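Please model the entire structure based on the sequences and the hints provided.
These protein sequence lines are chains A and B, in that order.
Taking the working numbering, the leading residue of the first sequence gets 778, the next gets one more, and so forth.
Taking the working numbering, the leading residue of the second sequence gets 892, the next gets one more, and so forth.
Just so you know, the hints here were simulated from the structure itself, not pulled from any lab data.
None of the values given here were measured: they were computed from a predicted structure.
C-beta: ideal position from N, C-alpha, C; glycine also.
Please note that a few of the clues may not be correct.
Chain B side only, calculated, beta carbon under 10 angstroms to chain A, not exhaustive [what the hints assert, rightly or not]:
| id | residue |
| --- | --- |
| 1 | Tyr904 |
| 2 | Lys963 |
| 3 | Ala970 |
| 4 | Glu975 |
| 5 | Ser979 |
| 6 | Leu982 |
| 7 | Glu995 |
| 8 | Gly1010 |
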Amino acid sequence: MRALPAEQVLSTPFSGRPTKNIRPPSFEPWRLWSAGRELLRYRDLVVTLSLHRLSVRYKQSVLGWAWALVQPLALMLIYTIIFSVVTKMPDEGVPYAVFVYAALLPWTYFATIMTNSATCLVTHSQLVTKVYFPREILPLTYVVAAFVDFLVGAIVLAGMLVYYHLSLTLYVWYLIPIMAVLSAFGLALALFLSVLQVRMRDIGLAMPLVMQIWMFATPVVYPLSAVPARLRFYYDLNPLAGTIESFRRVLLQSKPPEYSSFIEASVIAFVLLPLAYLFFKYREASMADYI
Amino acid sequence: MSSLRLDHVSKRYLIRQAHVGPAPQGLVARVRQRFAPAHVFWALRDVSFEVARGEALGIIGPNGAGKSTLLKLLAGITAPTSGEISISGKLSALLEVGSGFHPELSGVENIYLSGTILGMQRKEIAAKLDAIIDFAGVRAFVDVPVKRYSSGMVVRLGFSVAAHLDPDILLLDEVLAVGDAAFQKKCIDRVLELKRRSTVVFISHDLAAVQQLCDRVIVMNQGEMIYDGATAGAMAAYSALARFRSSPPRTAQSLAKTAEVVSLEFLDGVGEPVHIVKTGDALRIRIEYKARIAVADASFNVFFYGADGALYCQFTTWLSGETAHLAPGNGIVEFSCEELGLQPGTYLIDTTIEQHGNNLDWQSRCSTIQVNAGKPVKGLFYHPHTWRETSASSILSEENVTVDPGNKV
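Next up, the structure:
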């Protein structure tokens, strides 16, 4: 057996090629930088896998792409019947169908990210145990795919705005930061939950129930103004309260976002995202051993 | 200049004891079981080596030697418990062909999918697309969903994608054993071609394949390196390792055996011990046994298992119903074979002593033998045969005999 003297190990020069060092996993914040650069190198995989998600999902289905619309439309129909026919819900002066759809659209985007990406590492265990690539790509591509569904659903929303003669104002530009916050928060949770799911399959099992409860804790079927003032502090701890309500306000009411709630949501989302990514990268090395 | 370096690398696995008996009842018991102390298993212990640029390194060892763990560490699939691995340049691992193939996608779509998963850029794939399709020989089916492919086609396409990676370091598993003989040859040629440009690390338990590809071999056993050096010496180290391992310490169960195998040895035609033979060579197998009481109607068996786990052949004393009568004490049984029919490869040996259909002793995987190319015959096995030349007239005369109506009974 040929042993290596320690000095030689340190002094052997590498050529100009990039050197990768594999060490025991450790929690190092500066890894975020190198992880981000590696992710950038793998951008083609992000593109290919995202396209793949979209093209595979509706293969051999008759309705095809229309399925992206079925869920928000069906929910809109149900809630419209319940909350404007059966009982009356405050709708802030717009037809309830548009009112609820304008919140269901971003909500469905978020819920799709959650339900698909929480289990994504486990469903791709064949890949995770056989090939190396930055694992965050798996949850990331589900976010991209969900975003494409969101855009498809937005076409219907645009149609409804035209139909009900609702005009847009410049406040509509706020949709960009709002969607950025929603995506960041969704991705942060996706990273965090998918990695937990590797060791605790309870996460995936609990997801449908959690999302159902969460929807009613978010101003989707009712306006934020319906929440009693004394509960508002706790209510705003849910970052979706600020984002979903603001999404609807800038679009339908020609008002700026609900600033305090939205800023709180932004802070939570953008603090959570790097933390979740760090946690993900820390656990990444041992994923294949536990999956 | 090193292209790959392992510095005191160890890998530990914690194995939670699989629960024996009924599953624990109640939430508390189940949670407690989750946090129960785990059994510690070191898959790799303090492994250090360096591979120079352009070198072809083979890593061999029996099952459980730590080969797969090493492979996963090098590929970056899992991280070491301690130590460090440095990889200079682009490393590509051919661990599993068809990684990331999706049955609903067409051949071309899958090439892009699998290619990017393996670390290629889309531009790079586009440039190599024709080469990949032609290598796999699936030109006519590129737009058909892969689920309509035969399994052979899927494997060929998978290997073809992987074979066009152009890495600085190529990590090879037992993937060369894909497809039919013609495709296998193509694979080996491709790897030999890559070897000219890249560093190759080939992990296998097939000594013959390692010999064909590598200049240097590391032998692993139970997570440790036991040999690092030239190919020839590695063969001896590996064989010595797998040479007879009678299972000490003696257990009560072992003492209860009325007869057991004590050692097994391979000898060549002149009676010299060997670990490596050639197809068509003479081979003798000498088994030393120990009988505690007199055993009537005993028979001895030696089984040859290939690297794929299949049983290739059996030597037995029960050829036509005759049996051996063992007297108490030690004795020797020797098998003798004029011409070995096994094709090149590594074979694992099981040996048994049998009486009336029951195994008195069964030594599983107690030895290995390496068969190298000897008599150059194609096929699954070499069949001893002779030949002579006969003149055309004699064939004619034989035909005449068969058509001669006078010969009819």
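- Agreement of hint lysine 963 of chain B with chain A interface, Cβ distance less than 10 angstroms: holds, 7 angstroms
- Given alanine 970 of chain B was flagged as interface, is its beta-carbon under 10 angstroms from a beta-carbon of chain A? holds, 3 angstroms
- Against chain A, with CB atoms and a cut of 10 angstroms, does the hint on glycine 1010 of chain B hold up? holds, 7 angstroms
- Per-residue hint verdict: glutamate 995 of chain B, partner chain A, C-beta under 10 angstroms: holds, 5 angstroms
- May I ask you to test the interface hint for leucine 982 of chain B with respect to chain A, counting a Cβ-Cβ separation under 10 angstroms as satisfied? holds, 8 angstroms
- Message: Using the nearest Cβ pair, does serine 979 of chain B come within less than 10 angstroms of chain A?
- Response: Holds. Min distance 5 angstroms.
- Message: Just to be careful: measuring from the Cβ of tyrosine 904 of chain B to every Cβ in chain A, is the smallest value less than 10 angstroms?
- Response: holds, 7 angstroms
- Query: Measuring from the C-beta of glutamate 975 of chain B to each C-beta in chain A, is the shortest one below 10 angstroms?
  - Reply: Check passed: Cβ of glutamate 975 of chain B comes within 5 angstroms of chain A, closer than 10 angstroms.
Every hint, counting from the list given before, is met by this structure.
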